[in-house]
Amino acid sequence: QQPVQSPQAVILREGEDAVINCSSSKALYSVHWYRQKHGEAPVFLMILLKGGEQKGHDKISASFNEKKQQSSLYLTASQLSYSGTYFCGTDIAGGTSYGKLTFGQGTILTVHP
Amino acid sequence: EPEVTQTPSHQVTQMGQEVILRCVPISNHLYFYWYRQILGQKVEFLVSFYNNEISEKSEIFDDQFSVERPDGSNFTLKIRSTKLEDSAMYFCASSSLFRTGAGTSAWNEQFFGPGTRLTVL
Numbered sequence: 001q002q003p004v005q006s007p008q009a010v011i012l013r014e015g016e017d018a019v020i021n022c023s024s025s026k027a028l029y030s031v032h033w034y035r036q037k038h039g040e041a042p043v044f045l046m047i048l049l050k051g052g053e054q055k056g057h058d059k060i061s062a063s064f065n066e067k068k069q070q071s072s073l074y075l076t077a078s079q080l081s082y083s084g085t086y087f088c089g090t091d092i093a094g095g096t097s098y099g100k101l102t103f104g105q106g107t108i109l110t111v112h113p
Numbered sequence: 001e002p003e004v005t006q007t008p009s010h011q012v013t014q015m016g017q018e019v020i021l022r023c024v025p026i027s028n029h030l031y032f033y034w035y036r037q038i039l040g041q042k043v044e045f046l047v048s049f050y051n052n053e054i055s056e057k058s059e060i061f062d063d064q065f066s067v068e069r070p071d072g073s074n075f076t077l078k079i080r081s082t083k084l085e086d087s088a089m090y091f092c093a094s095s096s097l098f099r100t101g102a103g104t105s106a107w108n109e110q111f112f113g114p115g116t117r118l119t120v121l
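Protein sequences appear in the order of chains A and B. Residue 113, in the working numbering, is where the first sequence stops; the numbers in between run on with no holes. Residue 121, in the working numbering, is where the second sequence stops; the numbers in between run on with no holes.
Calculated from the structure, these hints are not laboratory results. Be a bit skeptical, because a hint or two may be false.
Derived lysine-lysine pairs resembling DSS-like cross-links, with alpha carbons at most 30 Å apart [as the list claims (entries may be wrong)]:
hint, chain 1, residue 1, chain 2, residue 2
1, B, Lys57, B, Lys78
2, B, Lys78, A, Lys55
3, A, Lys67, B, Lys83
4, B, Lys57, B, Lys42
5, B, Lys83, A, Lys55
6, A, Lys68, B, Lys57
7, A, Lys67, B, Lys42
8, A, Lys68, B, Lys83
9, B, Lys78, A, Lys67
10, A, Lys37, B, Lys78
11, A, Lys37, B, Lys57
12, A, Lys26, A, Lys59
13, A, Lys55, A, Lys68
14, B, Lys57, A, Lys50
15, B, Lys42, A, Lys37
16, B, Lys57, A, Lys26
Examples of chain A residues lying across from chain B (beta carbon under 8 Å, computed) [claimed, not checked]:
hint, residue
17, Ala9
18, Lys68
19, Tyr82
20, Gly84
21, Thr102
22, Gln105
To spell it out: a stretch of chain B is covered by chain A in this simulated footprint if at least three of its residues, at any positions, have a beta carbon under 8 Å from a beta carbon of chain A; those stretches are [said to hold, decoys possible]:
hint, segment
23, 9-21
24, 95-101
25, 105-114
From a predicted model like this one, the values you see are computed outputs, not experimental measurements. Backbone N, C-alpha and C fix where the C-beta goes; we use that ideal spot for every residue, glycine too.
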């Protein structure tokens with residue numbers, strides 16, 4: 001039931017791009033993306049809804065393929081501040097779920113100067 | 001900017017003792033959550049709470065756990081008899097609904113508190 005993220009870890013140089021994927025075995029109502037820095041709370045990045053609507057960070061883009069139950073987060077021209085662990089959280093029930101999110105195992109992104 | 005607060009930031013307790021973790025959600029949010037994160041692992045859902053009752057709970061949230069909203073601002077997680085494996089970071093979160101362009105309701109982002117690190121010895 002837990003979504004699967006790939007890759008598990010990415011190492012980049014500043015300015016390089018990365019894609020993080022999130023795949024679910026269940027039909028999804030929405031996908032939420034969060035970034036967590038070491039020792040801190042997860043911070044919201046994006047919501048992608050069934051039907052194509054998105055909400056969130058204007059410097060980060062993402063996609064949501066409802067048929068494949070997959071989402072991807074695109075980090076372009078990476079900065080040192082992008083380093084952290086990225087989690088996707090999936091909502092399989094929409095308005096009936098009371099907002100429960102099931103998180104993937106995380107993707108560790110490290111950006112070097 | 002509104003934020004979720006949690007106290008204490010770190011709690012050390014002996015196995016078998018009761019602990020209460022406290023949270024103050026964002027004031028106009030109606031949906032509250034507890035998550036836990038064992039060191040180096042993913043964030044795991046424990047429980048959601050709406051309208052003064054539990055709306056959903058995970059398998060982790062057994063009889064040793066309880067939640068309460070004792071007043072209009074605090075939201076607490078109690079662990080009755082702590083075990084070694086309860087050692088983790090506990091995050092409180094709150095959220096709201098928003099109206100989508102299609103006219104349906106959808107979940108807004110969850111605002112996470114800074115967490116309480118629970119260490120059970």
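Checklist entry - Hey, lysine 68 of chain A versus lysine 57 of chain B, does the alpha-carbon distance stay inside 30 Å? => result Holds - the C-alpha atoms of lysine 57 of chain B and lysine 68 of chain A are around 27 Å apart, at most 30 Å.
Next on the checklist: Just to be careful, I want the Cα atoms of lysine 37 of chain A and lysine 78 of chain B compared with a cutoff of 30 Å; is the pair within it?
Outcome noted: 27 Å, holds
Checklist entry - Within a Cα-Cα threshold of 30 Å, do lysine 68 of chain A and lysine 83 of chain B meet the stated pairing? => result The hint is violated at about 40 Å.
Item to check | Restraint check for lysine 83 of chain B with lysine 55 of chain A, where alpha carbons must lie at most 30 Å apart | outcome: 40 Å, violated
Checklist entry - Given the proposed pairing of lysine 67 of chain A with lysine 83 of chain B, does the C-alpha separation stay at or below 30 Å? => result 42 Å, violated
Item to check | Satisfaction of the alanine 9 of chain A interface hint, Cβ to chain B closer than 8 Å | outcome: Not OK, violated: alanine 9 of chain A not within 8 Å of chain B, min 12 Å.
Item to check | Distance restraint between lysine 57 of chain B and lysine 26 of chain A, which requires alpha-carbon spacing of 30 Å or less | outcome: 19 Å, holds
Checklist entry - Hey, lysine 67 of chain A versus lysine 42 of chain B, does the alpha-carbon distance stay inside 30 Å? => result Holds, at about 26 Å.
Checklist entry - Is the straight-line distance between the alpha-carbon of lysine 42 of chain B and that of lysine 37 of chain A 30 Å or less? => result 13 Å, holds
Checklist entry - For the segment 9-21 of chain B, do three or more residues have a beta carbon lying closer than 8 Å to a beta carbon of chain A? => result Coverage by chain A is violated for the segment 9-21 of chain B (0 residues, Cβ < 8 Å).
Checklist entry - Within 30 Å, alpha carbon to alpha carbon, are lysine 55 of chain A and lysine 68 of chain A? => result OK: lysine 55 of chain A and lysine 68 of chain A at ~21 Å, within 30 Å.
Next on the checklist: Checking one constraint from the list: CA of lysine 78 of chain B to CA of lysine 55 of chain A, max 30 Å. Satisfied?
Outcome noted: Distance of about 34 Å is beyond 30 Å: violated.
The structure fails to meet hints 2, 3, 5, 8, 9, 17, 18, 19, 20 and 23 from the earlier list, while all remaining hints are met.
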